[in-house]
Amino acid sequence: MTAVVGLLLVIPLGAVALTLLLPKLVWRRSVSLIASTATLIASVAVLFGVDGDGPIIVNVGGWEAPLGIALVADRFAALMLSVSAAALLGVLIFAVGQRDNDRAFPSFHAVYQTLAAGVVLAFLTGDLFTLFVAFEIMLTASYVLITHRAGPEQIRATMTYVVVGLVASGLFLVGIGLIYAATGTVNLADLSVRLAEVDPALRTAIGWLFFMVFGIKAAIFPLFFWLPDSYPTAVAPVTAIFAGLLTKVGVYAIIRTQTLLFPADKPSTPILLIAGLTMVIGVLGAIAQGDIKRILSFHIISQIGYMIMGLGFFTVAGIAAAIVFIVHQVVVKTVMFLVGGLVENSSGTGRLKEVAGVLHKFPVIAVLFLPAALSLAGLPPFSGFVGKLALVQAGFESGRWLVVAVSLFASVLTLFSMTKIWSGAFWGTPTDNLVRAPAATMVMATGGLVALSLVIGLAGQPLLEIATRAAGDLLSQESYRAAVLVSGS
Amino acid sequence: MSPVLAITAGALFAAGTYLIMQRLLTRIVIGLGLIGHGANLLLLGSGGPPGAAPFTDQAGQAMSDPLPQALVLTAIVITFGTTAFLMALAYRSHALTLSDAVEDDQEDRRISEANRRSAA
Amino acid sequence: MNVSLLTILSAYLAAAILIGVAPTRFRRSTIATAAAVMVGTLVWVLDQAGSVVNGDVHIETLRWIPSLSVAFELRIDALAITFISLISGVGLGIVAFSGAYMRTKPRFNRFLSLIVMFAGAMIGLSATDNVFGLFVFWELTTITSYLLVGFDDEKAGSRSAALQAVLTTGLGGLALLGGLVLLAQAAGTASLAGIVASPPTGIVATVGLSLALVGAFTKSAQAPFHFWLPGAMAAPTPASAYLHSATMVKAGILLLLRLAPGFNTASIWTPVVVSVGLATMVIGAWRALRQTDLKLLLAYGTVSQLGFMTALVGFGSPAMLHAALAVLISHALFKSALFLTVGAIDSTAGTRDIRKLSGVGLQHPLLALTGALAAASMAGIAPLLGFVTKEAAFAALIDAQKWAPLAIIAASSAATAAYSLKFWWGAFATKPQSPEHAGGDPAPLRTIRTLIAAPLILASAGVVLGLAPGIVDRLVYAFAPGAKLVLWPGWKAALAVSATVVVLGVIMHIKRESIDRAQQRFVGGRLSRISADEAYQWTIVALNRVADRITGVVQHGSLPLYLAVILTAVIAAPMVAFGFAGGVPTLPTGPFSLPEAGMALLVVAPALAALRVSSRMVAVLLLGAVGYAMAGIFVLYGAPDLALTLLLVETVVIAIFAFVLSRLPRHFEIMVWRIRSAVRAAVAVGVGGFVAAAALLASGQRNPGPSPSAAYRDLAPAAGGKNIVNVILTDFRALDTLGEITVIATAAIGVAALISGFRTPVEEAE
Amino acid sequence: MNVRQSLLAETGSRTVVPTIFIVSLFLLVVGHDAPGGGFVGGLLAGAALLVVFLSGGRNEVRTLLPLHPRSLVGLGMAVSITVASLGLVFGSSFLDAGKITLDLWLVGEISAGSSLLFDVGVYLVVVGLVATVLMELGRPEESAS
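Chains as they are written, first to last, in my numbering: chain A, 1 to 489; chain B, 1 to 120; chain C, 1 to 766; chain D, 1 to 145.
Keep in mind the hints are simulated off the structure, nothing from the lab.
Where a beta carbon is used, it is the ideal one built from N, C-alpha and C, also for glycine.
All clues stand as given, with none of them false.
Some chain B residues close to chain C (C-beta under 7 Å, calculated; not the full set):
(1) I7
(2) L12
(3) M21
(4) L44
(5) P50
(6) V77
(7) I78
(8) F80
Calculated cross-link-like contacts (lysine-lysine; reagent style BS3-like; alpha-carbon spacing at most 25 Å):
(9) C:K105 - A:K361
(10) C:K492 - C:K402
(11) C:K431 - C:K511
(12) A:K353 - C:K155
(13) A:K420 - C:K155
(14) A:K353 - A:K420
(15) C:K356 - C:K511
(16) C:K484 - C:K402
(17) C:K431 - C:K356
(18) C:K155 - C:K356
(19) A:K361 - C:K155
(20) A:K420 - A:K361
Kindly generate the complete structure, drawing on both the sequences and the hints.
Written as C-alpha cells, this is what we have:
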C-alpha cells in the first residue's frame, strides 16, 4: 500500500513530463486522462486501505522522519484525495470536451497535472516545508492556468491573484522560519511534540499566524478579496477546478495544523466569529452580483465559513461535520462552475441580464443545475443538507447557538441567491444568444459529478462515519505522532 | 537569531510591503523580491548561530545547521521561478495595455459606484 | 395487501421521473401513469384504514443517516391515513382535471411530473415520524411548489411570486430545522411521537417549539407570513387547487396537530397559536370580501380557513383538535372543487373577474351546481360537510366557554358565508350588462364536460360525507377521541350560532355595496398601510441594498487596499492573540558581530533606497545590490551553496529584468494612489516590526536539544556525499527538490503561454 | 550595434560560453561533495545562454539548444521522476535514490549514481526555464492590441 501512496505522486508528475514531451494532442489527452483516472483509482484504494488498517506512512527516500520527509495518508487526507481526484477527472473530461482549452494551449495538460500533483502533495505531506512546496506547485500551476488566453481584463485580474498569492507565500515562509527557530524541526509530528514545550503565548501567536496565512488561500474574512476578482475571469474548467479544490486545500491546511499543532480543548470564539463573518459577507457579496460566475465565486467564500465553523467547535462532531461539508463542497462547487460554464458556452455570457430561458432551450443544463444549486443551499435530500445538519447539531451540542443561527440565516440567503440564477438565467423567454448546444462530453462530465454529489448525499451515513473517525484521529494527536515517529517503511 | 539579522529581515519586509501596496507591477515585483529576501534571511537565521559550512569533512568544528540552508535554497529556486513568471506578466501587461499598472476591478467598481450614486 | 408505504413513495418518484422525461406526444400515457399511482395509493389507504381506525399503527423504517438521527420512520396512523386519502383522492381529481384543462400546453408532461413529485413528497410528509425525515419531505414540497408557482416562467409575475413563496417557506423551513434539532436534543429522541410522548420543557425546548411554530405558520400562510399564498396563485389553476388549498398549506396544520398532544400545555402554545390563528382568520376573511378575481377570493378564503384551523388547534383540547381535523377535511374537499370550478370558468369564459363574468350559470348549469354545492359547504350550510364540521367547532368552543374567540370565529364565518355567496353570485349569476363585460368565446361543450367531472365529484363528496359524517368521524375519532360528528345535533346553542352566521352572511352579501364602501374608507386609514406584502417587498429591497453597500465597501477592487487589509489582518491576529494569552515580549539578546552588522547595512540601504527612486532600471539594480549583499550574509553564516546560488540567481534575474525593462517606459508613471503613503508606511513598519519581533521571540524559545544537524552529518556519508546541504536536497529531502523543479517547469510553461500563447492559438508545429 | 561591437561580442562569447558550460557541468557533478549541484549548474548554463542571447540574439540561442525549451523542461522532469520512481520499482521506497547504484554503464568515478542523475534532471529543467524566458522575451515585439 505504501507503493500506492508513492504512485499518487508519480502518476501526475510523470504525466507532466510526458505531456511536455509528447508532440501530438491526442497523445497528451490520453496520457492526461489515464493519469487522472489512475489517480482517482489509487486515491480510492488508499481511502479504503487507510480506513481499514490505519494511516499509511511513507518515509520518502527511506529516511525516517524527522530527518526525511514523511508522507502521511490518514483518513482525512485520503478522503480529501479521493474527492479531489474525482473532481480533477470530471473537470479534465469537461475541458477536453470543450475542445478549445488544450488546442489553444499546448501545455494545458502538463499544467493541469502539475496542479493535481500539488494538491495531492499538499494532502499527503507530513512536513510543513513540503506543504509550502506543495502550495507553490499548486499555485504556480494556477497562475499559469488563470493567465492562459488572458486579455487585458484577465491580466489585470491575474495580477491581483498572483500578487496576493506570492505575499501569502512569503508570510508562509515567515511562519516556517518562526516555527523552526522555536523548535528546530519542520516535521508535523515532531512539531506537535516540540510546540507543546514552547511558551503558550508564543505558540498561540504562531498558531494564529498560520491560521491567517492559510486563511488567505482559503479565502476567509477579511482575506478573501482576491478571489471574486480573479476566479471568474478564467475559462470555465479552470475556474471550476479552482473553485472546487484550491480554497479547500487552504481549509485542509488550517484544519490539519490547528488540530495537530495548535489544539484547543474548547470552542474558539474568534474562529467562530471569523466563520460567521465569512458566511454572511460572502453571501451578501453574492447577492450584490449580476453575473453567474461572480455570484458563485462569492458563494465559495460564504461556504468556507461553514467549514471554519465546524473546526471552531473543536469537537469530533464539529470537525467531522466540517469534513463532510468540504467533501460535499468540492464536488458541488465544481459542478456549479461547470454548469455556469455550460451556460456561458451556449450563450457567450454569464450575465443574468443577458441570458434567459436556458430551461426551455437546453433543459439538460437546467437538470444539472437544479440538484447542485439545492445542494449548495443545503436543502434535503442533497449532499449539502447532510453537512449542514451535521454542523447544526454539532453547534447546538457545543452550545454555540448564535453561530448556528447565523449559518441558517446565511442558508436562506444562499437559497435566495440560487433562485436569482435560476429565475434569471433558466426561467423566462429564451434569449437569442442561446445558440450552441452543449457538447455531449461536457454534459456527461458535469452529469457524472452531479451523480457523485447525489451519491454523497445518499451515502451520508458511511461518509459521516469515516469523517467522524477522521475527526477522532485529528483530535488525538498522539495517534498521528505514534504512526509517523515510530513506524513507517 | 541575532538581533541584527532579525531587524534586517524586518527591514526587508517593511520595504517590500511598502512597495507592493501600489499599482505598478515593476515596483510590485521588486517589493516581492525584497519580501522573498527577508523571508530567506529569517529562515536562515532560524537555524541558530552561524558556524562552519556544513561539510562532512569539517567534523569537530561547530557547524551551521544545514537544514535551514537546504530550505532556503529551495525557497530561492521557487522564488526564481515565480519571478520569471511575474516578469513575463509585466511584459505581457505592457504589451496589451501599454502600462504595467494594476487597475481596479471593473465589476467591483461598478457596484461601488452604483452605491455611491444611490447614496448621493 | 402487503405493500409498504416506502414502495408507494418509490412509485411516485419513478412515475415523476418517467413522466418528466416522456416525449410530449405521450400525454395520454403520462396522465394514465399519474392516475394509476394515485388510484393505487387510494386503494392502499382504504385497505389500511380499517385497522388504523381501530387504533393500530403501522411503522416502517428506512434509515438514512443514523449518526444524525435522520431516518424515514413512517408511522401510519389516523392522521397519516386522513392526509394520504386527501392527497391521493384530491390528487386524482387534479390529474384528471389537468388532463382536460391544459393537456394541449407544450410543457404539460413537466407539469404533471411536478404534481406527482409533489404528491409523493406530501404523502411522505404526512406519515414521517422522524423529525429530520419530516423536514426532508417538508423542503421537497417547498421546492416542487416553487417550480409549480413559477411554471409560467415567461411571466415576470410568476417568477417573483415563486421567489416570494420559496423565500418565505424556505425561511420558515430553516426555522423549523433549528427548532426540530433543539427539540430532538432536548427530548433525546428524533421521533416526533417520542417527543410528544414525553415533551421536553425548559428554555431550549421553548426556543425549539417557537422555531417549529414559525415553520408551521409560514407553511400554512399564517399572519404575518400569509402574503405569499395569494401571490402563489400565479401557478396554473390545478396546481393552486392542489397545493394551495388542499394539501401543502395543510402541512403546517398537520405539524401543529402532531405537536398539540404534547405541547398544548406549554406556556406559549395556546396564547401564540390561538392569537395567530384568529388574526389570520380575520385578515383572510376581510381580504376575501374585497376580491374581484375569483381565484384570489378563494386564496384569501383559504388563508382565513387556515387561521380557523390553527386557532382550533391552539386550544388543544381533544374536542378542538377533533373539530380542527374535521374542518381540514371538509375544507380540502370544497376548496379544491371551487378552484377547479374557477379553472373551468376561466376556460369557458376567458376571465376570472367577477366584474366581467355574466351568465355562465345559464350556459353551464352543471358547473353552477358544482359551484353551489362547494360554496354552500364553505358557507356552512346544512347538510353539507362544511356545516357539520363548523358545527362541531362551535360546539367545542361553547363547551369550553371560549366566548371571545367564539365571537371572532363566528364573525369571520359570517364573512365566509358572505364571500361564498359573492363567489357563486359573481361566477354564475347573470348580471346587468356592465360596460366592461367582455366574456370570451364559450369553449366547446365537450371540453367543459370533461372539466366539470373532477370538481363535481369533489363537491359531491362534501354532500355524501355531510349526510353520512360517520366516515369522517371514525378517522377523526381515531386521531383524537372526543365528541361525535353528527348531521343533526339537535336544538343546541351551536346550531343557533350556525344559523346566525349564515343569516348574517346573507345580509352581508345583500348589503355588500355598503360594506365595500366601509372597507374602502378603512383602507384609506393608517392601519391598512401595514401590509405584510409590502413588508416583504421592503425586506427584499433592503436586503439587496445592504448587500450592495457592504460589498461595495468590502470588495472595492483595488489591489493596494486589499494588500493593506490582508497584511494588517495577518499580523494583527497573532499580536492580539499573543497579548490575550499574556505573552510578554523579551528584549533581544545575542552576540553582536561587526561584519554581520556591516553586511546588514549593505542589505538594508539599497532596499530603502529602492522605495523612492523614479527610474525602473535603478530600482532593479538596487534589488540586485540587496541580493549580492545577502550573499555576503550567507557566507558569514557558513552557507557557501546559498551564496553561490543567490549570486547566480540575482545576475540572471537582473539581466532578464533589464531586458524586459528596455521595453517599458524608463520611469515609473505617476499614479494616483488610493492609499496615502502614510498609511502604506504604517502598514509596512507594522509588518517589518512584527517579523523582526516575532523572529527574536521565537528564537529565544529554542530548546538546546539534540541538533538535527549532527544527525545529517552522521548520515550524509551513507547517502554518498560530503556537501550536507546538497545531500539533503537530493536525498534526505529530495521530494522538496522534485517539487521545486516542478515549480520551475511550470513557470517556464507559464512564460511561454503568456507571451507566445497569444499568437499561436493552434497547436505549434514541433 | 555596429559590426565591430558585434564581432567583439561574438568572439567573446565564442570563448566565454564554452567555458561557462564546462564550469556548469563541473558544478553539477561535484555538487554532492562541494558547493554546487543541479540548480547552480543549470543556472550557470542559463547564464551562458544569456551571454549568447545578448550577443547573438534569439536565433543564436535556438541553434545552440539541442531541443525545444519545452522539451528540455519535459526531459528534465522525466529524468528526475524516473529516478524518483526507481525506488518504487525496485521495491524500496519512493525517491529511495541513494540505495540504487546505476554504475553498470556509468564511468567508475561517478558512483554517486541516481543522486547525480536526479540532479541532471534539475539541471535540465533550470536550463529549460532560462531558455524559455530568452526565447519568449526575444520574440520581435508586437504592438499593443
